[in-house]
Amino acid sequence: MELYWIIAAPLLAAPLSPWLVRAVGSKAAGALLSLVPFALVGWLLAQAAGAGPALEWSRSWMPAMGLEMALRVGGFERLFLCLVAFIGGLVLIYGGAYLDGDSKVPRFFVVVQIFMAAMLGVIAADDMIFTFVFWELTSLTSFLLVGYKFYDPVARKAALQALLVTGAGGLALLGGFILLAQITGETRISALAAHSGTLAESPLFVPALLLVLAGVFTKSAQVPFHFWLPGAMAAPTPVSAYLHSATMVKAGVILLAKLSPAMSHTELWGWIVAPVGALTMLTGAVMAVLQTDLKRLLAYSTVSVLGTLVMLLGFGDAFSFKTAMFLALVHGFYKGTLFMVAGTVDHATGTRDIHSLSGLRQSMPWLAFAAAAAALSMSGVPPTLGFISKELLYEAKLSIPFARHAVTALGVLANSLAVAIALIVGVRPFLGSPGKAVVRHAPGWGLVLPPVLLAALGLLLGLMPWLLDKHLISPAASSLGYDPALAKLTLWHGFTPVLALSVATLVAGFLWFKMRAKFSGAARGIEKIHCLTPTALYFSGLEGILKLAAFLTGWIQQGQLRIYVRVTLIAASGLILYATAKVYEEFTMLSKVPLGVFETMIVVVMTMSSLAAVRSKSRLAAILSLGGVGYSVAFIFAAYGAPDLAITQLLVETLTVVLFSFVILKLPQIREISRSRTRRWDALVATIAGLAMTLVVWKAMHVQLHAPISPGLVERSATEAYGRNVVNVILVDFRALDTLGEILVLSLACLGVTALLFRKRKFRNTDDDQSERAKAREGLPLI
Amino acid sequence: MKEFHHSMLPAAARLVVPVQYVFSVYLLLRGHNLPGGGFIGGLVLASALVLRAMVDPKRVPNFDLIRLSGIGLLVALFSAVLPWLIGKTFFTGLWGGQIWLPAVGDIKLGTPLFFDIGVFLVVTGVAAKLLLVLLAQTQSSVMDRMNSD
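Going down the list, the sequences are from chains A and B. Residues in the first sequence are numbered consecutively from 135, following my numbering. Residues in the second sequence are numbered consecutively from 209, following my numbering.
Quick caveat, the hints were computed from the structure, so don't treat them as lab data. Hints are not guaranteed to be accurate.
[Unchecked claim] Which bits of chain B does chain A cover? Going by a derived footprint, with three or more residues having C-beta under 8 angstroms, they are:
1) 246 to 256
2) 323 to 336
[Unchecked claim] A few chain B residues facing chain A, derived, Cβ under 10 angstroms:
3) His-240
4) Pro-269
5) Asn-270
6) Leu-273
7) Ile-274
8) Ser-277
9) Leu-281
10) Leu-285
11) Thr-297
12) Gly-301
13) Pro-320
Ideal placement from N, C-alpha and C gives every residue a C-beta, glycine not left out.
Input sequences plus hints: build the corresponding full structure.
Next comes the structure, spelled out in structure tokens:
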């Protein structure tokens with residue numbers, strides 16, 4: 135199998151999903167579609183266990199700029215590809231069941247699969263610009279998925295916020311990539327490591343690093359850009375489970391890891407990446423405990439884990455790197471499970487409020503098992519994967535060269551808060567006597583199987599960590615040049631200080647959990663201060679931009695067509711006169727084109743038509759007279775041997791007159807078109823514009839600055855493009871890219887005009903199928 | 209609806225519209241060698257659709273014109289991407305056989321012709337959509353005015 139299939143397969147499956155949903159229903163469609171990513175996982179695991187050379191595939195993209203569509207799958211990429219595809223498969227099953235009965239299910243399947251392809255692309259792509267394309271595609275699909283309920287203003291706002299933050303970061307990343315390519319002369323990420331010396335010495339290194347980090351930090355929700363992630367919880371839960379916990383938010387971490395061999399040896403890297411990660415780790419953990427909504431709680435705890443991962447990569451040593459790889463995998467297992475558990479609870483009871491959920495283990499025993507297993511792993515209770523990752527984490531922190539005690543203390547704090555979160559999310563809703571929230575309808579297999587499967591697999595692997603170590607984690611570390619032998623994935627490390635820290639973490643976490651009622655007051659206080667910081671900054675910034683735009687629009691766009699035309703004509707004439715005045719070459723006032731009787735007659739007709747248009751008392755007559763001017767122009771084209779132009783001009787002129795007459799029929803009758811005072815102004819503007827046009831045409835006829843390109847085109851037209859009509863050959867062959875752009879603009883303009891003419895229809899907050907579909911068809915979603 | 213119900217216009221339209229249909233395709237196909245092409249052909253077809261709707265407001269196209277221009281974009285894009293898929297540069301003209309059509313003459317088949325068909329569809333869709341939307345609004349507002357008189 136060629137390597138590009140890992141991206142092509144989900145992309146090809148995506149357009150099939152609407153038919154599949156129609157044919158077998160959304161539950162079965164989800165199960166069938168999940169076969170694609172599961173097959174990918176199987177294929178990836180069957181590849182040699184990472185010891186061999188990386189798989190590569192590449193194809194020339196823009197050879198002139200040295201760009202390639204290059205894919206490269208080594209041990210590192212293989213680990214994350216497996217994670218993304220495996221959880222993706224589960225989410226397709228889960229999503230099909232979760233959204234069963236919703237009319238927008240096909241959209242969910244299509245966009246999620248495009249996202250999956252994009253995410254696999256981010257991981258596997260080796261060329262930097264190619265990576266960037268997938269990177270942006272994940273932002274766009276995330277926007278569409280967060281705004282899935284596009285009739286809900288909260289969802290629209292959250293979608294826009296996520297898009298603006300990650301989109302701005304994406305632009306910064308592009309800048310960083312370009313600088314990196316400039317410095318090293320390489321566009322392949324895997325080739326950068328060989329240039330790490332050149333990189334560090336270059337004066338452009340600092341801006342390059344800062345720009346790349348801006349992209350990474352926005353995508354992976356690092357402080358101070360973390361605020362979009364809790365907002366993105368407006369998405370349906372399957373989306374949150376997939377994009378906003380297991381995959382997309384890890385794109386930043388993945389890129390950071392891929393770039394680390396080239397950059398992590400510099401001082402700046404350690405000084406920025408590790409502290410930002412540590413701060414995010416703590417902020418996320420503290421904010422999480424204060425939440426009452428299950429999904430927001432999980433979102434903040436995801437922020438905390440992302441911070442931990444970034445911090446580990448910031449340390450830059452082999453031990454920390456391997457720990458980060460392992461933690462990323464473990465987190466995918468337990469957080470994916472917990473998100474799906476939260477979604478199922480929400481689906482079954484109709485609430486996600488932690489205060490009203492309890493005693494659910496009786497009605498949903500399997501779900502309780504999945505939740506408990508995930509919570510144990512998240513808390514780091516042996517013998518789970520979480521326990522091993524926490525041991526490694528503490529060892530990594532204790533082995534950094536400086537500030538190790540402070541960092542370890544922070545780690546214990548964040549991890550004990552994670553224990554409390556695990557208890558709140560995974561245990562509390564299922565224990566005790568049934569609370570206010572009752573199960574209204576029992577969840578089907580599609581809502582229970584995926585979390586149970588993920589949790590059970592996590593438990594099983596926890597008992598056999600060496601399997602993971604040998605086949606996934608160690609190859610991941612060694613493929614990027616980190617020695618995997620330093621960190622060992624074993625359940626029992628002996629009686630070490632690390633074990634004592636683990637026990638202390640559990641005890642502290644349990645205490646936090648017991649005392650959580652006490653700091654609900656503090657919670658509100660912190661929430662208030664927190665609201666004053668990045669979120670508020672984002673909103674005031676957005677408001678400022680909108681106000682500036684409104685001011686500028688009000689200033690430039692007066693709303694009067696007459697003024698627009700005047701400004702446009704004066705500006706254009708001014709520029710033309712300035713430009714032509716700079717061309718000093720000699721030219722005579724003698725005409726170079728012959729003027730016969732026919733041409734003279736056309737000019738007379740044209741002059742009379744324009745006089746009639748100016749003097750007309752009715753709009754319709756004025757439009758018809760202007761049409762006469764247009765027809766005369768068409769005849770001039772015909773007379774001087776440009777039949778294509780003439781035909782086009784005739785048709786456009788006819789349709790313009792028809793269009794204007796439709797509009798005029800709508801307008802009220804008037805006595806006079808304009809007052810004599812404005813007419814004098816109009817006459818002046820018209821004269822200036824006419825003079826400028828005449829001058830530019832005259833000079834163009836007489837002054838030759840460059841050799842004309844038309845003879846060459848005419849010559850090549852018949853021999854190379856098999857066409858004798860050179861105008862058409864230029865349009866569809868020589869300059870076809872221009873034409874493609876033009877028809878695209880035309881189509882977009884048509885959408886815009888149609889939307890404007892239908893703008894009286896407002897969004898209503900309704901679940902009504904028909905109106906939603908109608909709105910979507912008008913091209914208005916998410917505006 | 210007085211404005212739209214003359215007797216001459218429907219009579220003329222009955223004759224002109226079918227001619228316009230044929231003529232638009234004729235213009236499209238001959239474009240590569242003689243004056244014509246997708247843009248011009250599209251405008252002719254659009255004016256035929258508008259003329260039909262002017263005569264009888266019920267006779268609007270029963271397909272989505274925006275979708276038509278979307279299909280046109282895809283056709284144009286496909287003919288641009290096709291050479292690239294087989295390993296040549298984006299937009300390289302690929303030429304196949306030659307066919308003879310009555311009235312038009314010999315036509316060389318190739319991606320540029322395909323591209324021109326895309327242009328034809330986009331221009332038809334966009335021009336007809338804009339005019340028909342305006343026409344529908346004019347007709348309804350003229351009706352309103354007549355009702356209120």
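Here is how each hint holds up against the structure:
1. 246 to 256: holds (count 7)
2. 323 to 336: holds (count 9)
3. His-240: 4 angstroms, holds
4. Pro-269: Because about 14 angstroms separates Pro-269(B) from the closest Cβ in chain A, which is outside the 10 angstroms limit, the hint is violated.
5. Asn-270: 15 angstroms, violated
6. Leu-273: 8 angstroms, holds
7. Ile-274: 7 angstroms, holds
8. Ser-277: This interface hint holds because 5 angstroms falls under the 10 angstroms limit.
9. Leu-281: With a minimum Cβ separation of about 6 angstroms from chain A (threshold 10 angstroms), the hint on Leu-281(B) holds.
10. Leu-285: Check passed: Cβ of Leu-285(B) comes within 7 angstroms of chain A, closer than 10 angstroms.
11. Thr-297: Status holds, d = 9 angstroms.
12. Gly-301: 5 angstroms, holds
13. Pro-320: Holds - the Cβ of Pro-320(B) comes within 10 angstroms of chain A, reaching about 4 angstroms at its closest.
The structure is inconsistent with the numbered hints 4 and 5, although it conforms to all the rest.
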